[in-house]
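Here are the chains, one letter per residue:
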Amino acid sequence: MNTIGFDVAHLLSGSLVLVSFILLYQDRVFALLHMFTFHALVLSFSVAWQAFVQDAPHLYITAAIALIFKALLIPIVLRRIVVQLRIHQVLETVGGIGPTMLAGMALVALSLVVTLRTTHAGDRLSREDLAFALAVILLGMLMIVTRRNAISQIIGFMSLENGLILAAAGAKGMPLVVEISVAFAVLIAFIVIGIFLFRIRERFDTVDTLVVERFRGERR
Amino acid sequence: MSHLPFSPPVWALLVPAASALLLAFVRDWRRAAQINVAASFLSFCMALGLFAIPREEPGRYLLVDDLNTVFLVLNAFVGFTTSLFSAGYIPHEIASGRLTPRLLRFYHAMYQVLLFGMTLALFANNIGVLWVAVEMATVTTVLMVGIYRTPEAIEASWKYMMLSSVAIALALFGTTLTYVAARQALGEGTEAMRWSSLFKHAAELDPSLLNLAFLFVLLGYGTKVGLVPLHAWLPDAHAEGPTPISAVLSGLLLNVALYAVIRFKILLAGNSHVLSPGPLLIAMGLASVLFAAFMFYRRRDIKRLFGYSSIEHMGIITFAFGLGNPLANFAGLLHMALHSLTKSGIFFMVGYISQAKGTQKIADIRGLTESHPFLGWGLLAGTVAILGMPPFGLFLSEFLIVSSGFSTHPWVILLFLLGLLVAFSGLVLRISGMAFGRPTGRIEPIQVIPLPFWIHMLLVLAAGIFLPTVVVTCFRQTAQLIR
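Chains G and R supply the protein sequences, listed in that same order. In terms of numbering that gives the first Met the number 0, the first sequence opens at residue 0 and continues consecutively. In terms of numbering that gives the first Met the number 0, the second sequence opens at residue 0 and continues consecutively.
Treat each hint with caution, since some may be false.
[As the list claims (entries may be wrong)] Residues from chain G shown here face chain R by an in silico Cβ test under 7 Å; the list is partial:
hint	residue
1	F44
2	Q83
3	A166
4	A170
5	G172
No lab work stands behind these hints, which were simulated from the structure alone. For each residue, glycine too, the CB sits at the ideal point set by N, CA and C.
Isolated chain R, as found in the complex (with noise of 0.2 Å):
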């Protein structure tokens, strides 16, 4: 094995492994909150040590480069403002007795077997470890959005278990269908599963096989993404679960579900015989965009709302990767950075208002912004930024988008510009009413952690207003990985 035993990639995955198991046995849920922060910024300190350490050949189990350097970072980084988030939530969810000590054991040591999940599943250099890490994660998420017991809330992971369940099927086939193309040029055992061997013959592989692998992989993955038509589970998933699930949901395991089609996708552009992956994705994005957003405008449940703007930017992401230029690509790349920071950071509010009102009903929520100042300006400040408006980072990506596109694919960026402006009066419409006008319902304050909330909007600014040449080298060097 290359990597060495204390090798940042290898504490990545241990740390969130034994916090664990540690939380497994921590009765103080006070104590667990904080040694699940600990926890996550340590795993965050972790992923920053890639930076620092020369960069490896592929080891036999790990793989690191570009691309899931930029995922693991983000993973890592909203893991650890999560669990902050976290620390501020569950307070008033045990004060109000939706939650019991016991049960926040179990949580506690399900967000770490998440995130370890997540980890195992972007450093595998095997396509059956990837397999079996998204297992994981969805698995612990089905638990996690289980856990309040209500009716909405098992209908809800029933849904998400059985969809996702069904679609993590597809891909184990698409996974066989992936060796089964690579057995003929690299042989039978683990060196036909591995990534690195995978890229290194793309161009021997069975073609025909390896589209048909493909379509399962899109399918099966794709349903993880959230894309329609195969999205069903993901706004009950998020609405009915805790609010840092929510936040974890949207901001983490969809761009790992993402980053597997991707490497399929690069597996792809190996290979010049197979079919181009750029139309599936661009339709299916496009697809995404465009229910979601008319879909804003018939939504009662504010949480279910975000979920559907998950569909939607997830959408614009594909659309992103779809189109396959590498500006495009260092756009979604830069999107799904930007939306992961705005969309969690969104949820962290949502999650108070929720609290603070005893409701996640759209219409039982007025005039935040004279009962609640912070959580009204809050919400508003992270709707505009999730919009794509000028000061926000968001504008940036989705106008790169559309500008890399418009020479190729002009009507099908109109369509996707259509979509957009869809969403942005459907979002408005819902937003404005819930922010302005006399406020109804509960209005006594409620006390928040605002460092997380605050943390990610200066990014998303930051990055709207300048990105620094780091940033964008980096983004730039992952982009042409992506071809």
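With the rest of the complex left out, here is chain G (with noise of 0.2 Å):
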């Protein structure tokens, strides 16, 4: 492995937990948006890497469904369901932002330890792209956990879903199926998820899911 090879590699997952925080931070819609824009973008950027040192072009096709579909098509339809539904106030957060980070620091600190202490063999460069796509997907996590509102779940959901990509891509010679199967999940669970929204709408003027909480069998 070369070494401008392993820094590029290294400065573009490195960049994705840098915007899987920002993404944690933002509290209103579009600005949650546009950063998840950016988020898909530097994946996209970071898999075409993987695809050009591992001289691998069935990565590049990833690589594009992440920039066509993800940066370009998914904020455009996400944009225009919060025009459509005028929901774009403030969004709630469950913790504060404060501990927000701090939570989100350790669980970077976790994954780091986690898969550095565990991957011995294997190369550098997919042992460190192991332990940041952990961290992402981790991220991904704590923002769904985080949120009330229906939107940003789904991009903490679909930050994780990079994170994953970012995983797949950096193990050498993965086969193509899982990738495209990948992308392809996260098509249908988009797909689904906003025929839910909708759906939500329909039912309760809002998406925020605390009202949807009330509705519980158990609890009324």
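Using the hints, put the two chains back together into the complex; each one sits in its own frame.
The structure is reproduced here in structure tokens:
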């Protein structure tokens, strides 16, 4: 592995973690959408770079999917939903920004410790890639947990999926089937969730999941 | 490809796939229900065909061995009987206006897609394809749970969607890690994701990576099994969807997720340097049994009640596989098969009861044995069976689990027994109120198709009285495979 190849891969996947952090503290819908676009963009570059370094042309497809689908299409559609439903108010978070950021830092530290300790074998690139990917995944989960609003939960989930693609792209030679299936799963998941959003709006005039919670079977 | 184009595994996949396509174009819901039953019956015949053909070497795409044959035959059977039940269930839903013919077209197509996804998950000789198939099955059930579009249904499917998406994401990360662990030994490419080659070279895989991979796989697929503390989606999803889907969820989809966990457990057993998955499974299984047992007492919705019962029983099965000795594995498999049969049978009853009474609230259902004798006594029989009372087969499997573990894990078994006892009284308390007393609410009889319920209960009863040697040998062979 030449140094420049390693350094750029490192820089890109590190930036993905950084953007995940930025996602954590966005409290406006449009800012959140912009940041997610940026997240997908960084992922796309990162995967493309992996394709170049590993000499694995099929990864360019994954990069293209990330670019077109996640960085372009999804933000546009989500933006339309937000405008149509008129929900561009300030987003509620559960814990407050400070504790969330601290928890995020702890999660990143955890994923670095876990992954770097366990993977002695394997080359350095895929080790660190796995560590970063796990960090992105955990931050995505944290975001889902700390948000009540359906839109930000979706974005949290998609940033989590970005982490998965980073991991799959970093695992050298992993068959194409998987990358496409991941992209496909995201597509399905998104469509489904999108449908839900509309149904939720239909019923409650809000997409705040706390309102939905009130309808639970047992707590009436 | 070593599989001939006409071999049963290929057909078992083709039948549901083709009928899903067909059903998407059938407008008349009565016809669609008939096609659904016919297709499910054909799938069941294909699954039985697996016994007729000699076992082939694992192919590039499909893997057929004792383990997935057991799962598949069970799946196809319950899939078939549930389609029968569904054919009797949906006319009421149409009459009461809860479902429209258009939604039913979607429902029937999705039913077959779900069967296809589960069959693919069981047959796949590739951890990536397994993942895709489980994801497919999950998405279809999410859509089905939300089909009534009531606020509760939407909330349930939203929660199910979010939790299972995160779970499935974790499972994919575990899958990726498994690939990375295998890459050094098996080289890059598909070979390092194929079950058959992974098992063959299990000892050469990177142990620390495999450990990490198993943790993620357990968290991911464990959520789909409904193990505590990852169970939150399960009661809601069971309560708010159409009852045939509750039956399929409990009877089949949970098993398929468990199948994935067991496969990974076998993989770990082949490598002497990794952690032993047993204690983890025991802990999660025990937690599920105890948690579900205490939750019975405060349930107000009959379908949620049996959702919690599914958590309890998946806990029991996981506990058995965690003990891991041949007898416990045997008992675990037996319990899994019998639980699927019993629980889906109970859901058949519960479906008709909620239709007859027009409610799922336990408090509003009284005196069923008087107003609807078949439903009342049926529910009671099912409950007695699911509680593991002697004439029924679940007594045998629970007894075997307890006796197989008592010498090695006495304290754990005591806790396990405590869970069973608490669950026992909790469920008896809830069900006796519904079955006996003065009938309230609607007492008009409703039309039912009793056959699926009878078949299930007779099988469970027969297993309790006499297990045929064929079944014992089959389960014993499979149990040895699990290790």
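Against the structure, the hints come out as follows:
1. Checking F44 (chain G) against chain R by beta carbon gives a least distance of about 20 Å; that is not within 7 Å, so the hint is violated.
2. Hint status for Q83 (chain G) relative to chain R: violated, with the closest Cβ pair at about 19 Å, above 7 Å.
3. Checking A166 (chain G) against chain R by beta carbon gives a least distance of about 5 Å; that is within 7 Å, so the hint holds.
4. Among the interface hints, the one on A170 (chain G) holds; its C-beta lies about 5 Å from the nearest C-beta in chain R, closer than the 7 Å criterion.
5. At about 3 Å, the closest approach between the beta carbon of G172 (chain G) and any beta carbon in chain R falls short of 7 Å, and the interface hint on this residue holds.
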